[in-house]
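Peer 1: Next come the chains, spelled out residue by residue.
Protein chains: 2
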Amino acid sequence: MTARSSAVSARDIPEATVARLPVYLRALTALAEDGTVTCSSQELASAAGVNSAKLRKDLSYLGSYGTRGVGYDVAYLRYQIARQIGVTQDWPVVIVGIGNLGQALANYSGFRSRGFRVVALLDADPSRHQERIAGVAVRPFGDLDAIVAEHGVAIGVVATPAEAAQEVADRLVDAGIRSILNFAPTVLAVPAGVDVRKVDLSIELQILAYHEQRKSPQGDSSPTPAIAPIQESAS
Amino acid sequence: MTARSSAVSARDIPEATVARLPVYLRALTALAEDGTVTCSSQELASAAGVNSAKLRKDLSYLGSYGTRGVGYDVAYLRYQIARQIGVTQDWPVVIVGIGNLGQALANYSGFRSRGFRVVALLDADPSRHQERIAGVAVRPFGDLDAIVAEHGVAIGVVATPAEAAQEVADRLVDAGIRSILNFAPTVLAVPAGVDVRKVDLSIELQILAYHEQRKSPQGDSSPTPAIAPIQESAS
Chain A
0 MTARSSAVSA
10 RDIPEATVAR
20 LPVYLRALTA
30 LAEDGTVTCS
40 SQELASAAGV
50 NSAKLRKDLS
60 YLGSYGTRGV
70 GYDVAYLRYQ
80 IARQIGVTQD
90 WPVVIVGIGN
100 LGQALANYSG
110 FRSRGFRVVA
120 LLDADPSRHQ
130 ERIAGVAVRP
140 FGDLDAIVAE
150 HGVAIGVVAT
160 PAEAAQEVAD
170 RLVDAGIRSI
180 LNFAPTVLAV
190 PAGVDVRKVD
200 LSIELQILAY
210 HEQRKSPQGD
220 SSPTPAIAPI
230 QESAS
Chain B
0 MTARSSAVSA
10 RDIPEATVAR
20 LPVYLRALTA
30 LAEDGTVTCS
40 SQELASAAGV
50 NSAKLRKDLS
60 YLGSYGTRGV
70 GYDVAYLRYQ
80 IARQIGVTQD
90 WPVVIVGIGN
100 LGQALANYSG
110 FRSRGFRVVA
120 LLDADPSRHQ
130 ERIAGVAVRP
140 FGDLDAIVAE
150 HGVAIGVVAT
160 PAEAAQEVAD
170 RLVDAGIRSI
180 LNFAPTVLAV
190 PAGVDVRKVD
200 LSIELQILAY
210 HEQRKSPQGD
220 SSPTPAIAPI
230 QESAS
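The listed protein sequences derive, respectively, from chains A and B. Per numbering that gives the first Met the number 0, the first sequence starts with residue 0, numbered consecutively. Per numbering that gives the first Met the number 0, the second sequence starts with residue 0, numbered consecutively.
Keep in mind that the hints were calculated from the coordinates and are not lab data. Hints may be right or wrong, so weigh each one.
When the alpha-carbon atoms are kept at most 20 Å apart in a straight line, the in silico PhoX-like pairs for lysine-lysine are as follows [to be verified]:
(1) A:K197 / B:K197
(2) B:K53 / A:K53
(3) B:K56 / A:K53
(4) B:K53 / A:K56
Interface residues of chain A toward chain B, partial, derived using beta-carbon atoms under 8 Å [claimed, not checked]:
(5) R25
(6) A29
(7) L104
Computed from a predicted structure; not experimentally measured. C-beta: ideal position from N, C-alpha, C; glycine also.
Please put together the full structure from these sequences, using the hints given.
Peer 2: Written out as C-alpha cells, the structure reads:
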C-alpha cells in the first residue's frame with residue numbers, strides 16, 4: 000500500500016479536477032456506508048454525476064487507475080482522495096457572524112465529518128457572548144488573534160451581513176488566516192496569497208430551474224419576466 | 000436582436016455547461032453592476048473562474064459567439080443566459096423546515112434577485128405557525144397541497160433535519176412538485192421524473208483545504224488523521 004500512496008505532485012492537478020474531488024469523496028463515502036467494497040468507474044461516475052471518461056482522467060492525476068475487471072477499491076480510493084484534498088488532517092475553523100446562517104453552519108454535521116472542526120464562533124454583539132451553539136462558545140471578535148494563535152486556525156468562514164464582510168475579512172487576514180469561505184452576498188478584496196471562495200446558495204436552485212423549465216408545459220416561454228433585457232439602459 | 004434570440008435547443012447543452020451557466024450569470028451581473036458594457040471572453044472567463052476556451056465553448060451552445068474585437072455585450076449575454084436557465088421567469092418556491100438553515104434561506108436575498116420567490120414557509124411545529132420570516136408566513140405542512148395549487152409551486156426546498164427529509168420529499172412529490180433542493184444531510188429517494196439536487200455546504204471548504212494544505216509549511220503530511228485508511232475494515 001505504501002507504494003500506491005505516492006501521489007503525483009498536487010501542482011499537476013487541474014483546478015476543475017480539484018473541484019470534483021470532494022464530489023467523488025462524497026460518492027465514495029456513500030458507497031462505503033452501503034458496504035460496497037469495490038466499484039467500477041461507471042458506478043462511481045454515475046454516483047458522482049460525471050461521465051466515466053472524465054472520472055478516470057481525474058483519478059489518473061492521483062495515480063489511481065483501478066484494477067482491470069475489478070474496478071476501484073472504495074475504501075482505499077476514499078482515503079487517497081481525502082488525503083489529496085487534505086481532509087485526512089484536522090482543520091480548525093472559525094465562523095464569524097452567528098445569525099441564522101452562522102448558527103446553521105455551526106450545527107452542520109457535514110463539516111465535522113470532513114475534518115473541519117469549529118473552534119470558535121465570533122460575533123460583534125456582546126449580548127451573544129454568553130451563548131454556546133453546538134457546544135462551541137460565542138466569543139467577541141476581539142479574541143480572534145488569540146484564537147488563531149491557540150488553535151492554529153487556517154480557515155475563516157464569513158457568515159456576517161454583507162456590510163460587515165469586508166472588515167471581517169481584513170481582520171481575518173491580519174490575524175494570519177489565508178483561506179476564507181464567504182457566505183456574505185458581496186465580493187471580498189484580499190491580498191495575494193489569500194484564497195476566497197464564495198458560496199452562492201442559489202446556484203443549485205438555478206440548475207433545478209433550468210431542468211424544471213424544460214419539463215413545464217409552457218416550455219421556455221417567459222410569462223413573468225423577472226430580469227428584463229436591459230441592453231437599452233446600458234447606453 | 001430577435002435574430003440573435005433564437006437559442007439552440009436546450010437538449011443540446013451538456014450538463015457540465017448547464018452547471019456553469021449560473022456562474023457566468025453571476026459574473027455578468029457583477030460586471031453589469033460595475034457599469035461594464037462589453038467584455039472580452041478572457042475578462043468574463045477570469046471573473047467566472049474558468050478558462051476562456053471553455054467559456055467560448057459553453058457560450059457557443061447558446062448560439063452566442065461575441066463580436067470579434069469587441070467581445071460580448073454584457074447586458075444582452077446576461078439576459079440570454081438568464082433566459083436559458085429560466086430565471087427570467089418567476090419561480091414560486093416553498094421552503095420546508097424553519098430551523099436556522101430554513102430561516103437563513105428565507106432571508107437569503109440571492110433567491111429573490113434570481114427570480115425565486117418564496118411563497119410559503121412550512122413547518123411541522125404548531126408553535127411556529129404565527130410567525131412571519133422575511134415577510135412570509137409560516138404555515139402548517141398540511142397546507143402544502145393548497146399552496147402548491149394556489150401559487151403553481153414547482154420547486155421545493157427541504158431544510159428539515161435528516162430524519163424528516165424523506166417523508167417531506169414524498170409529500171412534496173405527492174403534491175406535484177418535481178424539483179427538490181435538498182439541504183438535509185441525507186439521500187432522498189424520488190420517482191423518475193423528479194429532480195433532486197443536494198447542497199453540500201462543505202464542498203467549498205474542502206476546495207479551500209486542498210489549497211491551504213499546499214500553502215502550509217507542513218506540506219501534505221497528516222499530523223492528525225481524521226479519516227484513517229479503512230481498507231482493513233472492509234473485509
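Peer 1: Could you check the structure against the hints above and give me the numbers of any it violates, in ascending order?
Peer 2: none
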